[in-house]
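Protein sequence lines correspond, in order, to chains A and R.
Numbering-wise (our numbering), the first sequence opens with residue 276 and increments by one.
Numbering-wise (our numbering), the second sequence opens with residue 92 and increments by one.
Derived by calculation from the structure, the hints in this document are not laboratory data.
Because the structure is a prediction, the values reported are computed rather than measured.
Glycine included, each C-beta is placed from N, C-alpha and C at the ideal position.
Take the hints with a grain of salt, since some may be wrong.
Calculated pairs, DSS-like style, for lysine-lysine (alpha carbon to alpha carbon, straight line, at most 30 angstroms) [as the list claims (entries may be wrong)]:
| no. | chain 1 | residue 1 | chain 2 | residue 2 |
| --- | --- | --- | --- | --- |
| 1 | A | K552 | R | K274 |
| 2 | A | K367 | R | K117 |
| 3 | R | K104 | A | K290 |
| 4 | A | K546 | R | K216 |
| 5 | R | K181 | A | K552 |
| 6 | R | K161 | A | K545 |
| 7 | R | K104 | A | K447 |
| 8 | A | K367 | R | K104 |
| 9 | A | K367 | R | K369 |
| 10 | A | K552 | R | K346 |
| 11 | R | K267 | A | K546 |
| 12 | A | K447 | R | K216 |
Here chain R is said to cover these stretches of chain A; the calculated rule only asks that three of the stretch's residues, wherever they fall, bring their Cβ under 8 angstroms from a Cβ of chain R [unchecked claim]:
| no. | region |
| --- | --- |
| 13 | 347-358 |
| 14 | 376-383 |
Here is what each chain is made of, one letter per residue.
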Amino acid sequence: MRNLLLNPVLNKEFKLRFRSFKSFLGLGLYLLALSVLMVGFIFLESQGSPMGRFRPEQSRTMFILMSFIQMGLILFITPGLTAGVISGEREKQTLNILLTTNQSSASIIFGKLISSVSFLLLMIFASMPIYSIVFLYGGISPGQVLVVLGYYIFTILVFGSIGIFFSTLVRKTIIAMITTYGVTLFLTAGTAFLFAVSMSVSQMGNSSNNPFALFFVMLNPVMILFSFLEPDAFSELSNQLGLGSEFPLWAANMVTYVLIMVLLIFISVKKLRPNMKVKSRR
Amino acid sequence: MIEIIDLTKQYGKFTALDCLNLTIDKGTVFGFVGQNGAGKSTTFSILATLLSPSSGTAYINGFNIRSEPKAVRSQIGYMPDFFGVYDQLKTVEYLDFYGASYGISQSERNKLIPQLLELVNLTDKQDSYVDILSRGMKQRLCLARSLIHDPEVLILDEPASGLDPRARVEMREILKELKNMGKTILISSHILPELAEMCDTIGIIDQGRLVAQGSVSEIQQRLKGEKLIVVKLQHGLDEAVRFFEDQPMVSGLVKREDGHSLQFIYSGDAEDQVQLLKMALLQNLAIVSFSEIETNLEDVFMEITKGVELT
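With the rest of the complex left out, here is chain R (with noise of 0.2 angstroms):
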């Protein structure tokens, strides 16, 4: 189980973090979504205890971060957005040089290393320089890496970023499997129908605030209320960029790249919603269209992120 609490980062006068807390139950899966530079790596390091909050806490499986850190260590398996790997290393030596680093007896050792590689797929690969080795291999055994110690807890910082589409695949599949095993996952990305298959809970993270959690479903179901308009025109665009930005429910008015339709986020029913296009057409606007946008995952998000609280 992770718990954060009130958790601030500053850098001078940038809010990295902004008095996030959170709950994330043991065996659920938590997706962390946000733009780059939202918060989430700084979170993450945070509870990896890479990196000393400005105030506030956290606690994994009841370890403080901040009085208990290497046990923190100890629960925990992070796997960091970007990483290196050590030249001249094998793909064995390398899990062998960390689960050596983690205290496991070299018995130990050599018969888990086989086990890790066959869950990554990379048992073929076992006697590779890691440095040959493609990205999309060097993430899974980086995957395989933060499991060696068998943590309870994973904290997983864009694990498929960059990889191909069958590598995000086969990295999703390896995340399912691990969920299936009981692990406490704190997964990130910056992509969130990339996290809605396999998370049970989301949180959206915008300027270092946690904007929106809950289920995906939940959360696309807090917008249901809010409908995308856009209005085609066949002149007089300016004019009813006015008119639109005067009316009740209306906000985020934005002109498209057309230059003949705008749209905007309407929060009325469907009553108000004719209300406002007959005296729309009172005021003689030139609409050639008048119509509602579905809205998906990616316009959630985008949505979310503009600024408007959720939660």
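Only chain A is shown next, with the shape it has when bound in the complex (with noise of 0.2 angstroms):
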């Protein structure tokens, strides 16, 4: 952890992003944006109640409306933040000197994780006290909400690892960032379109357990966020599918998302640097 916060790039990073005025203003037009939407919720739903009340199952409605729209967020966003860190320090030239300076290049692919994503980290947590809101009105419990923030901070790092990837491998940012998001889409639409295939045909077969559909589900973060918001409806679902109890999906989730991570990132601190031992071919 010392090493970390002592990290030079992450410190450099650190200062670039914050000393930005463009990034203040984008964090407070979010905020903005984001209290406009939850007001104007509370508003509309109060309007049409007899009572002019706004109900704890309301609240709870527009807990899981913000919390697919903050998933939506980082799902579009971690992309275009990391997937031009490395190839970004090499377009403008500057990874070279970074690369003959004795950091590591762990060191150096960490503290651009971090740094790229902290961003993003301080508008979820910037937005902690509208999401607050909620506990006025009832529907949701702090556990919840640390669960979905858990979980936000969870997916920031397993796609930041992805960008980080292919920033690294891919030498072009355009084409790092189209393959970055493309691997989103897929992990995201891809396995829902994957999920709702596969249920059909298992639905043909008359297979009360269908495996394919539960991986799909399995990968898809969208659905692991549902499954923290809506336990119940869930686990109607995993019925469905024939899963058992035994290990959760969230679980599962996390685990092939954490190889996944530990996997990319592994590689990505390989092939910083050449291999100065290795033969180059010839």
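Hey, can you piece these two chains together into the complex? The hints should help.
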């Protein structure tokens, strides 16, 4: 942890990122939009209510809606923030100089990963007071809010590592970005589509057990968020898929994502500098 | 000390660097001269551990670039030919970032940075943002950055390229000061006279091969035996070309742009030269003048990089 805090890349990136007025303007506008959305939702729902009250069920619906919006935002912004951090340095011709310093490849990659997603983390943390409005109306426990927050951070790090991986491997930022967005799209919309297809196929075969559908649900971060927000509805779906309760899907998702993240970071660290010991191809 | 042994780099079928062997003594300044694409930057990138060689190796202060790249990095200060800077970082912060990247403590950095800025004459720009500095200032800042960890070896890839004459002079003065500080400097340029003044030794690289090595005077001396002869004719240029092409000790014959004269390299002595002129006159060639051109460093470079191997 001490090494991470003393990481020069991290310190420099923080300085660059948070020095800019645009960053604070972006953050301010995001919080404003979120506030308007929440206040508007409360206003509309209470207008429709006969007593003019905002009920706990409505508060819960609002929280779920906000949570999905935030998840969409994370999945949309994370590739953009991370897919250019190494390739961008390469294009700006600052990477070579950085690589001749004593900093280890791991330190550079971790510094880049944490600093690039830090702004998104700040946005998420800054939105927490707005989220806390739900506590005024009930329907959501603080534990659920913390679980959702934890899963956001986890998702940011996983998709951030995908961005860093392509940024290290691909020389051009634009290609790294397209590839990262492609993988993100596959893990969200792609797995949702494949889940729907495999469900249709299993229904045609009257099979109660569908491992493919299970696999695609497990890979989908939006579905896992849904399982945190609506555990009852999700367990009904799990039963339909023939999933036992021994190993929850969210745990399978987290184990898989951690493995993917570790593998991608490991490859990024290895590929950042040339392997001087290996003779290059002649 | 730098020792390069059979260093080769190939990209597919293209050989960027072909069995380069070189030894640079401690505390000396070695100039690496060659045209664009000759292999200078490839050599420097390999020495800076940014590129793995296809074969061969190099040692910097006894550390092998292949097996001890981390140790090599702490020994060298590298300045690439093209480099970018971070926007929104001030000059002091820029140096501070690289100082931290080399593991130098904050208190040491606080002492070092003003000294480095003074060395490269950028003290008055310490609070300026790096991206608004002029090209020459950025070059000097990059040089200061390469010195932040007090390396024994400096690898400077065309540090004066793109600079105006005044900035070039300033850069040269700084390099002389570094030489006096006892640094081993490996510096490249595609302009030979630029290096001649400050280098103890120069090496000329062409198509990935080291074609000449020695002090500037030694390399000039090697060409002393050869003369550049220019022959001006009233008419019959093609006939003259055919005649001189067939003569021994004549090489590199070309027609000059004026359409009335030709030039060639002649390796014979004065007596041979007299005989050659006599024979030409006997052939009834309409020679208006037959003269020897004085060679300068640029001519030496041009001749050597035509493919004449002198090592």
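Holds or violated: K367/A to K369/R, with C-alpha atoms at most 30 angstroms apart: 63 angstroms, violated
Satisfaction of hint between K552/A and K181/R, Cα-Cα up to 30 angstroms: Answer violated: K181/R to K552/A is near 37 angstroms, above 30 angstroms.
CA of K552/A to CA of K274/R, is that 30 angstroms or under? Roughly 28 angstroms between the alpha carbons, so the hint for K552/A and K274/R holds.
Given the hint that K546/A pairs with K216/R, does the C-alpha gap stay at or below 30 angstroms? 37 angstroms, violated
Given the hint that K367/A pairs with K104/R, does the C-alpha gap stay at or below 30 angstroms? Holds. K367/A to K104/R sits at ~29 angstroms (cutoff 30 angstroms).
For a C-alpha distance cap of 30 angstroms, please report whether K267/R and K546/A respect it. 38 angstroms, violated
Check whether three or more residues of the region 347-358 of chain A sit with their beta carbon closer than 8 angstroms to a beta carbon of chain R. violated (count 0)
Does the structure keep K104/R and K447/A at a Cα separation of 30 angstroms or less? OK: K104/R and K447/A at ~24 angstroms, within 30 angstroms.
For the region 376-383 of chain A, do at least 3 residues have a Cβ located nearer than 8 angstroms to some Cβ of chain R? holds (count 3)
Going straight from one Cα to the other, do K447/A and K216/R come out at no more than 30 angstroms? 33 angstroms, violated
Between K104/R and K290/A, is the straight-line Cα distance small enough, at 30 angstroms or below? Violated, at about 45 angstroms.
Given the hint that K161/R pairs with K545/A, test it: the Cα-Cα distance must not exceed 30 angstroms. 14 angstroms, holds
In the structure shown, a violation is registered for the earlier hints numbered 2, 3, 4, 5, 9, 10, 11, 12 and 13, in ascending order.
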